[in-house]
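> One-letter residues, chain by chain:
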Amino acid sequence: MHLVPDKEIMHLISNQESRHQGFDMLVRAYSEKTYRLIRRIVITHEDSDDVVQNVFIKIWNNIDNFRADAQLSTWIYRIAVNEALIFLKHKKIFFFIPYYHVEKKLSNSLKDDNFFKADEIETKLQKAILSLPTRQRLVFNLRYYEELSFEEISKILNTSPGALKASYHFAYQKIKKNLAIL
Amino acid sequence: MPDDFSENQQKLTRDCIPFKVPENYFEDLPHHIQERIKTSCKTATKKNLCVKYFLYPAVAAAAVAALLLVFWINKPGTDTKNAVLSSLNLSEKSITAYLEEEVDENSLIDMCSDSVTICSAEEIPDISLPAYDDEAPQSPGTAITFDSTIKNNDIIDYLVSENFEPETYQ
Chain C
1336 MHLVPDKEIM HLISNQESRH QGFDMLVRAY SEKTYRLIRR IVITHEDSDD VVQNVFIKIW
1396 NNIDNFRADA QLSTWIYRIA VNEALIFLKH KKIFFFIPYY HVEKKLSNSL KDDNFFKADE
1456 IETKLQKAIL SLPTRQRLVF NLRYYEELSF EEISKILNTS PGALKASYHF AYQKIKKNLA
1516 IL
Chain L
66 MPDDFSENQQ KLTRDCIPFK VPENYFEDLP HHIQERIKTS CKTATKKNLC VKYFLYPAVA
126 AAAVAALLLV FWINKPGTDT KNAVLSSLNL SEKSITAYLE EEVDENSLID MCSDSVTICS
186 AEEIPDISLP AYDDEAPQSP GTAITFDSTI KNNDIIDYLV SENFEPETYQ
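Protein chains in written order, with this note's numbering: chain C, 1336 to 1517; chain L, 66 to 235.
Just to be clear, a hint being listed does not mean it is correct.
[Claimed, not checked] Derived lysine to any residue pairs resembling SDA-like cross-links, with alpha carbons at most 25 Å apart:
1. C:Lys1490 <-> L:Asp222
2. C:Lys1424 <-> C:Thr1379
3. L:Lys85 <-> C:Asn1396
4. C:Lys1452 <-> L:Glu92
5. C:Lys1511 <-> C:Phe1401
6. C:Lys1490 <-> L:Lys216
7. C:Lys1342 <-> C:Thr1379
8. L:Lys103 <-> C:Lys1427
9. C:Lys1427 <-> C:Gln1406
10. C:Lys1424 <-> C:Glu1455
[Said to hold, decoys possible] Examples of chain C residues toward chain L, derived with CB under 8 Å:
11. Gln1356
12. Gly1357
13. Asp1359
14. Arg1363
15. Glu1367
16. Lys1368
17. His1380
18. Ile1392
19. Phe1401
20. Phe1451
21. Lys1452
22. Ala1453
23. Ser1495
24. Lys1500
25. Ala1501
[To be verified] If you only want the chain C side, here are some residues facing chain L, beta carbon under 8 Å, derived:
26. Arg1374
27. Gln1388
28. Phe1391
None of these hints come from the bench; they were simulated from the model. Here a beta-carbon is modelled for each residue, glycine too, at the ideal position from N, C-alpha and C.
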């Protein structure tokens, strides 16, 4: 649900009197999409809830740094992706998980998550996606589920569209291969 | 090999969301965030007071100590650099040779390019993939040839970006 135009939201935020009201509108406009993006990276609801709240607090603290010529959604997604990756990195350090085991741990947490409801095929697909390295998984999710163009993803991840195409291609091949094995 | 992904895609849609949330989660989220912002503002004010009364004097003391240390090290009659070098027992010749040693970046790039040519167009089987064209909608039946859209430079970019580290943003 995104009814209020970004310009109007930013105009409200730029005025001290309507700052909180404008920010409330921004959260309502972007919280669901941001949450979904984060959830696909960190998997469990509890972790996603922590990360999404941190994201919007960072947005609140840095809203004056937002350049008017940039797209608000891209800026928010960029912060969300960074926060989610930093969260995963901290999780690896905190739980002494080797780099290559983190996705396996996330995959195992799918079945323990009370808020993950999927049939057999969907579970299979999610596990296949989780068998990808973090960055490939991220590119795949942004392209396949969020349906963002490679140009948009390149602005979020600060990578060339060509490299993203290659990453998506390899991700797709691995998912196909893993679906056949699972 | 059967295309399981394409087959499954018929049954799955992108709108099928297996990740559920508690009831009214998105309605309550803005309220929780505003609460946390208010709390963090109060904590920030307390932190500022701590910085004013404890951190600034500590930093000033550390700066004075560092200045005194630098002054002591550089005072006439103390040749620190020579002392360190002689303690390492390295000859001047070997240090010069090490400093003059150059890494040939071009050969490194060539090596990378050689290694990625393993994935040449001939070796990639013709498989169905969603179209890479941003304008066209993705469909499982749309085929794409590997060499037409992805260049060697893209592969190198991709390999470099695999070492991605989350950045801090401003």
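> Hint by hint, say whether it matches the structure.
Hints, one by one, checked against the model:
Restraint check for C:Lys1490 and L:Asp222: satisfied, since their Cα atoms lie roughly 15 Å apart, inside the 25 Å limit. Restraint check for C:Lys1424 and C:Thr1379: the C-alpha separation of about 15 Å stays at or below 25 Å, so the hint holds. Between the alpha carbons of L:Lys85 and C:Asn1396 the distance comes to roughly 29 Å, so the proposed pair goes past 25 Å and is violated. Between C:Lys1452 and L:Glu92, the direct Cα distance comes to roughly 21 Å. Compliance with the 25 Å bound is thereby established for this hinted pair.
The straight-line distance between the Cα atoms of C:Lys1511 and C:Phe1401 is roughly 39 Å, outside the 25 Å bound, and the hint therefore fails. For a cut-off of 25 Å, the pair hint linking C:Lys1490 to L:Lys216 stands: about 20 Å separates their Cα positions. Taken as a hint, the C:Lys1342 and C:Thr1379 pair is broken in the structure, with Cα atoms around 33 Å apart against an allowance of 25 Å. Taking the CA atoms of L:Lys103 and C:Lys1427, the gap is near 30 Å; set against the 25 Å cutoff, the hint is violated.
Distance restraint check for C:Lys1427 and C:Gln1406: the Cα-Cα separation of roughly 32 Å exceeds the 25 Å cut-off, and the hinted pair is therefore not satisfied. Distance check on the hinted pair: C:Lys1424 and C:Glu1455 sit about 30 Å apart at the alpha-carbon level, beyond 25 Å; violated. Hint status for C:Gln1356: violated, given a least beta-carbon distance of 11 Å to chain L, over 8 Å. At about 12 Å, the closest approach between the beta carbon of C:Gly1357 and any beta carbon in chain L exceeds 8 Å, and the interface hint on this residue is violated.
Residue-level restraint check for C:Asp1359 holds (minimum Cβ-Cβ distance to chain L is 5 Å; threshold 8 Å). This hint holds: C:Arg1363 has a C-beta 6 Å from the nearest C-beta of chain L, less than the 8 Å allowed. For C:Glu1367, the shortest C-beta to C-beta distance to chain L is roughly 5 Å, which falls under 8 Å, so the interface hint holds. Hint status for C:Lys1368: violated, given a least beta-carbon distance of 10 Å to chain L, over 8 Å.
At about 6 Å, the closest approach between the beta carbon of C:His1380 and any beta carbon in chain L falls short of 8 Å, and the interface hint on this residue holds. Because the smallest distance between the Cβ of C:Ile1392 and any Cβ of chain L comes to about 6 Å, under 8 Å, the interface hint for this residue holds. The restraint placing C:Phe1401 at the interface with chain L is violated, with a minimum CB-CB distance near 10 Å, outside the 8 Å limit. The closest approach between the C-beta of C:Phe1451 and any C-beta of chain L is roughly 6 Å, which is under the 8 Å cut-off, so the hint is satisfied.
Because the closest C-beta pair between C:Lys1452 and chain L is about 5 Å apart, less than 8 Å, the hint holds. The interface hint given for C:Ala1453 is met, as the beta carbon of that residue sits about 3 Å from the closest beta carbon of chain L, less than 8 Å. For C:Ser1495, the shortest C-beta to C-beta distance to chain L is roughly 5 Å, which falls under 8 Å, so the interface hint holds. At about 5 Å, the closest approach between the beta carbon of C:Lys1500 and any beta carbon in chain L falls short of 8 Å, and the interface hint on this residue holds.
For C:Ala1501, the interface hint holds, the least distance from its beta-carbon to any beta-carbon of chain L being 4 Å, beneath 8 Å. The closest approach between the C-beta of C:Arg1374 and any C-beta of chain L is roughly 5 Å, which is under the 8 Å cut-off, so the hint is satisfied. Because the beta carbon of C:Gln1388 sits about 6 Å from the nearest beta carbon in chain L, less than 8 Å, this interface hint is met. A distance limit of 8 Å between C-beta atoms decides the matter here; for C:Phe1391 the minimum to chain L is near 5 Å, and the interface restraint holds.
When the structure is compared with the earlier hints, violations turn up for hints 3, 5, 7, 8, 9, 10, 11, 12, 16 and 19 and for no others.
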